[in-house]
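J.: When you get a sec, could you build the whole thing from the sequences and use the hints?
Protein sequence lines, in the order shown, are assigned to chains A and B. Its first residue numbered 1, the first sequence is counted upward by one per residue in my numbering. Its first residue numbered 1, the second sequence is counted upward by one per residue in my numbering.
For the record, the hints were derived by calculation from the structure and aren't laboratory data. Glycine is no exception: its CB is placed at the ideal position from the N, C-alpha and C atoms. One should not assume that every hint holds.
Derived, one-sided and incomplete: chain A residues facing chain B with beta-carbon distance under 10 angstroms [unchecked claim]:
1. S55
2. G78
3. F79
4. Q87
5. V94
6. E103
7. R108
8. V130
9. V148
Chain B regions said to be covered by chain A (calculated; three or more residues, Cβ under 8 angstroms) [as the list claims (entries may be wrong)]:
10. 10-21
11. 150-161
12. 185-195
Next come the chains, spelled out residue by residue.
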Amino acid sequence: MAEIRFEGAGVTVGERTILAPTDLVLRERRIAVIGGNGSGKSTLARLINGLVEPSVGHVLVDGLDTVRQGALVRRTVGFCFTDPSAQLVMPTCVEDVELSLRERIRDRTERRAAALATLARYGLEDRADVSVHALSGGQRQLLALAGVLAVEPDVLVADEPTTLLDLANTRRTGDLLLSLPQQLVLVTHDLDLAARCDRVLVVEDARIRYDGPAAEAVADYVGSIAEGSRER
Amino acid sequence: MSYLDGLGVYRPGDSLLHRAPVGPKLLGLVVASIALVVVRGPASAVAFLLGGLALAAIARIPLLRVLRALRSLLLLALAVAALQWWSSGLARAVESLLDLLTLGLLGLTLSHTTAVTDMLDAFVRWITPLRRLGVDPERVALTVGLAIQSLPATLTLALETRDAARARGLRTPRAYLTPFVIRVVARAHETGDALHARGIGDD
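T.: If you want it as structure tokens, here you go:
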């Protein structure tokens, strides 16, 4: 497993603290990040591949600094967004996967074959020449994942990948994510999914409120909501 | 999403035009477009339209798809023709109408028979000599690809915002134009993030 290390990494925008300086070492295979809307979960996830740069401190992936060695870090860390539509940039499914592979495979025939093989791996082989706009929500998220995983990153960061999906697709996508050989950092509101991870971080008000085994962390998060509603 | 069907999306096939290399096809489109504008008169316009239809037939584009694609263009072409009729007479109006339809038909034929990836590869080959002038071919090709892709994506956003405004009973253009523009910009940011995350365009 790769080692993701936060060294006093924090993000502020103007006066507002999005994430307080945080120290973390993530080595587990499956890590979930849970917490309320606007708590700082997404920012924490985006720090890992350098999409957001820390205002203070550093974030390192296998010793590579996400700011100074951003391009290298992004080759190691794949990222999956909530809304796959924003992530799919080519007209048809196979072309979108080919876009990911452009840099690795120069030969066109080889590249297409590799892209088709990737689609087949995720059960999308019959959709190769279909417009990405004609896919169902579940297939679109699957394709987005295929595009990211085609380049075989060591780490996959997924920011609420199942939030827009129905129950069946949530299960399918969740099962796929948890079965990947990659190290997974999963930001989610799906507590069942979080409970299946090896380690769970609970984020609240721009800091990590709880960090530990899944069952305890989920219980802490649920407890914190009950506490909050009593105070109100 | 049937309303997106008319927009040029590649359909694999083995017609003569599918197998033709990208360069001649694109060059042919450029030459034909210029010829269309330069050669005057309704008779030649009819000839060009027949030529365009013949090419579409060679590419084996389903008739329904042709009609659907030309339907939206027809509105624009009719408006232009009406204006031409009023300003320069019937002959010019017929010529403009037919010329615009022929251009649409040729464009559809090209995108129906040519995968965007192949076009991008061709672009990269053609502009590679410019590398010495500081042009990054991959980046130019990606820009072209994004521009092609942004058409259906933007259309979807436009229809969604219009529906949202309607659902709230709002009829003024501002009620859908403002959120539409904001969403297009937001989408552009998201796409930028996604490209960045996929390591595309990283130096």
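J.: For each hint, tell me whether it holds in the structure or not.
T.: Results for each hint:
no., hint, in the structure
1, S55, "18 angstroms, violated"
2, G78, "8 angstroms, holds"
3, F79, "4 angstroms, holds"
4, Q87, "4 angstroms, holds"
5, V94, "8 angstroms, holds"
6, E103, "7 angstroms, holds"
7, R108, "6 angstroms, holds"
8, V130, "9 angstroms, holds"
9, V148, "7 angstroms, holds"
10, 10-21, "holds (count 3)"
11, 150-161, "holds (count 3)"
12, 185-195, "holds (count 6)"
Checked against the numbered hints above, the structure violates only hint 1.
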